[in-house]
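Chain A is already provided as a structure; the job is to place chain B on it using the hints.
Sequence order for the protein chains is A and B. If you count the first sequence from 1, you need to add 2 to reach the working numbering. If you count the second sequence from 1, you need to add 53 to reach the working numbering.
Hints were generated in silico from the structure; no laboratory data involved. Source: prediction; values computed, not measured. Even for Gly, the Cβ is constructed at its ideal location relative to N, Cα and C. Heads up, some of the hints might be wrong.
Simulated crosslink set (DSSO-like; lysine-lysine; CA at most 27 angstroms straight-line) [unchecked claim]:
1) B:163 <-> B:61
2) B:67 <-> B:163
3) A:164 <-> A:235
4) B:67 <-> B:151
5) A:85 <-> B:193
6) B:61 <-> B:234
7) B:165 <-> B:151
8) A:164 <-> B:193
9) B:163 <-> A:235
Label-pair ranges, simulated between beta-carbon atoms [to be verified]:
10) A:76 <-> B:165: 47 to 53 angstroms
11) A:232 <-> B:202: 33 to 39 angstroms
12) B:239 <-> A:235: 56 to 62 angstroms
13) A:232 <-> B:150: 54 to 60 angstroms
14) B:178 <-> A:71: 30 to 36 angstroms
15) B:145 <-> A:232: 51 to 57 angstroms
16) A:198 <-> B:70: 56 to 62 angstroms
17) A:124 <-> B:216: 43 to 49 angstroms
18) B:161 <-> A:46: 50 to 56 angstroms
19) A:54 <-> B:206: 32 to 38 angstroms
20) A:173 <-> B:206: 34 to 40 angstroms
21) A:76 <-> B:145: 45 to 51 angstroms
22) A:198 <-> B:136: 57 to 63 angstroms
Covered stretches of chain B (chain A as the covering partner; in silico rule of three or more C-beta atoms under 8 angstroms from a C-beta of chain A) [unchecked claim]:
23) 70-84
24) 114-121
25) 185-197
26) 220-227
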Amino acid sequence: MTQEPEQKSPNTELEIDDGTDTIPRRRFLNLAGAGLLTIGFGSLAEGVVGGISEPLNQQVESLIFQPQQPIPEFPITAIEPDKLIVNSFRGTPTINSDAYRLIIDGEVNNPLSLSMSDLQKLPLTSMVIRHVCVEGWAAIVQWGGVRLRDLLAIAKPLPQSKYVYFYSADGYYESWDLDSVLHPQTLMAYQKNGQPLAPENGAPLRLASPVKLGYKLSKWVTRIQLTSELGEKRGYWEDLGYEWYAGL
Amino acid sequence: MRSPVMPKQALPTKVFHWVSLVSLFLMMTSGLQIYNANPVFGGRSGLHMPPIFGLGGWLAGGRHWHFAMMWIFVLNLLWYGIYILLTRRWQHRYVSGKDVKALLVSQNVKRKNYAWHRVVYTLLIPILLLSIFTGVGMYKPAQFYWIVDSFGGWDALRITHFMAVPSTLILGFLHSQLGRKVGGDRLLDSMFWRNN
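Pulled out of the complex, with its shape left as it was, chain B reads as follows:
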């Protein structure tokens, strides 16, 4: 390696990132296909999404993709959660009081960027877990009626589930850009492409 500071990524982390990227893409696009059958905002004559972003070709196809990929998406989060618990990565790889302090008092721009980076990717986790929670409520609203009730009804549940799309897109974009700020393109490379 020419570069002395080439970041190294653990293989499980790289696998997790790849599977997350692909499964989230398929969940979102198939989700938009389902959305278009009866838009969350406005019903049949409401706000439709451009069909080019819809995976599956028609409602049944979108549902097939959505309910196939949900397993991969959920199991990927599950095994990675177990992995960060077992390796104790959760103790030092996610946002902590030190980052909050850095954001509040530090004059060091690099330290602040790093803190923002950790805030953003840590925030992605509850957002993704919330999309699973609301998704289960919509998939099985009779058996998990309490999930629907906890959102105050069907429409609120649908909106919350849909909001996973913009929130994940925005946080994912910020995550990639903050990653580049913190570690440059080489950090991005080390996560997705480069063998090290």
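One chain only, chain A, in its complex shape:
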């Protein structure tokens, strides 16, 4: 870095005006300019930054994730019914729940096609957890439904299956790591806050879990597919640039 020659010899002008200030002021303006340029170019480079940092972050996230450890739940009185915001990428699809089937297939020994009444015969798990959105808001919600690990225990994944795809009636798609799918609080839910799930919240069946961000928690799920490899497509928001692991 080049240096400005500085006048430090006795100089009466110094006392009169703030001429000594020009160098720091110029540097401050340079800094402010550099800051704005950084925001501009940095915003263009966000994909590169994510591409470099996300693999590292994902390794740390999956390393510290404890797949068997339940997340502490809240009392019923802590539920925040007004805080859960309805997000979807193309509105609420119309689903006839009598004709509805949940398909579980892919790398499993025992592919399944289940109706809502089949699902409701399985053990009901209820939990009061914090639902956290990538946007920054959170809501404490009660979800009731079937543990995914119970469903997979029936479908019997092949040993090589490592990932799970969720396909929804509206075209939304997601993929998860198997560890998070098998977490004891990852549910296929059909109840919210003690009531049957409303269509805008994902009826007849949606994902609910305290261990993933909201965009991983697909609504209107119609098909669960186990696979040994992630494909080119990993999820609606992920393919646009959001993190894939998105663990909490």
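Quick look at chain B alone, frame taken from chain A:
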């Protein structure tokens, strides 16, 4: 050197200051980008920040920057913490009882300014550590549920994390101005630009 009192800075201190300045700038601007997705104050229709201060262009981009820079920001504080422990700088470079005494009883304006200077930059450390603590709680609220609980809930945690921005800006500004009062522009120069 023409000046007989040109302050000298240890290289690690200069590196720490540069990395802190740059990483904090990137953490704050990417943080404001994330903030704007759902303002801490008022939600979607709430108080938005001017978009020009938001790094990343959109929410995912802001998150990419924030979660990349957090490593540099945290590791910079960590190695510098180890450095001041090993060199015992923590014993004589930070605010002490003598500074408090100077503030209370001293008539010497220079001594008082120096004491304020030490108060302010020492105070920056817990503020920055608090931003890491609240940040971990927001990044992993399920695994570090006790961090969220210790703030009484999600909203209080978000507000505390956000408050790192104004507190760091104010303390950083005071730090630079008190530094100039104590050591003049040459002190600032010695920390950031001048080779010595």
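Going back to the hint list, which numbers does this structure go against? Structure breaks hints 9 and 26.
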